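A.B. asks: My request is simple: use the sequences and hints to build the entire structure.
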Amino acid sequence: MLQQLKALKHELILPLGRSRGSAAASFNNHETFFGEAFAIRLATGAPAASACVAFGVERWLLAFLVAHGPDAAGWAALNRAGALAEAT
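According to this note's numbering, the residues represented by the sequence shown are 104 to 191, in order.
Treat the hints as calculated values from the structure; they're not laboratory data.
Quick caveat: nothing in here was measured; it's all calculated off a predicted structure.
Just so it is clear, CB atoms sit at the ideal spot from N, CA and C, and this is done for glycine as well.
It cannot be assumed that every hint is accurate.
[Stated by the list, open to error] Simulated restraints on C-beta separations: (1) R121 to A146: 35 to 41 Å; (2) F141 to L165: 31 to 37 Å; (3) L111 to G148: 20 to 26 Å; (4) L111 to F158: 16 to 22 Å; (5) L181 to F137: 39 to 45 Å; (6) W178 to G120: 15 to 21 Å; (7) L145 to G172: 49 to 55 Å; (8) A175 to C155: 39 to 45 Å.
C.D. replies: Okay, structure coming up:
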């Protein structure tokens with residue numbers, strides 16, 4: 104709840120069709136919670152702040168398959184159009 108009140112957690116939602124989506128990544132700011140809990144200090148003596156990022160590779164794959172289909176033969180057309188080359 105505190106994460107929501109302080110906007111400490113953000114999610115990247117990838118579309119799964121017209122009306123659905125899936126959180127494919129999350130970004131969490133822990134502020135000084137772990138610095139205080141585990142006595143991790145900066146050179147100044149202040150508690151360290153931390154954050155984390157998580158990616159759900161299977162969710163990225165699912166979103167790709169929903170958008171482009173399971174037949175890999177069709178993906179070559181994406182590459183010819185430059186869609187895959189531009190993404191890297």
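A.B. asks: Could you run down the list of hints and mark each one as holding or not?
C.D. replies: These are the hints, each one checked on the structure:
In this structure, R121 and A146 break the distance hint of 35 to 41 Å, their C-beta atoms being roughly 52 Å apart. Remark: the range hint 31 to 37 Å for F141 to L165 is upheld by a beta-carbon distance near 36 Å. The hinted range of 20 to 26 Å is satisfied by L111 and G148, whose Cβ atoms lie roughly 24 Å apart. Evaluation of the 16 to 22 Å hint for L111 and F158 yields a pass: the beta carbon distance comes to about 18 Å.
Between L181 and F137 the beta carbon distance is about 41 Å. The supplied range of 39 to 45 Å therefore holds. One distance hint, 15 to 21 Å for the beta-carbon pair W178 and G120, holds here, with the actual separation near 19 Å. Take L145 and G172: their Cβ atoms lie about 50 Å apart, and the range 49 to 55 Å holds. A beta carbon spacing of about 33 Å between A175 and C155 contradicts the range 39 to 45 Å that was offered as a hint.
Hints 1 and 8 from the earlier list are contradicted by this structure; the remaining hints agree with it.
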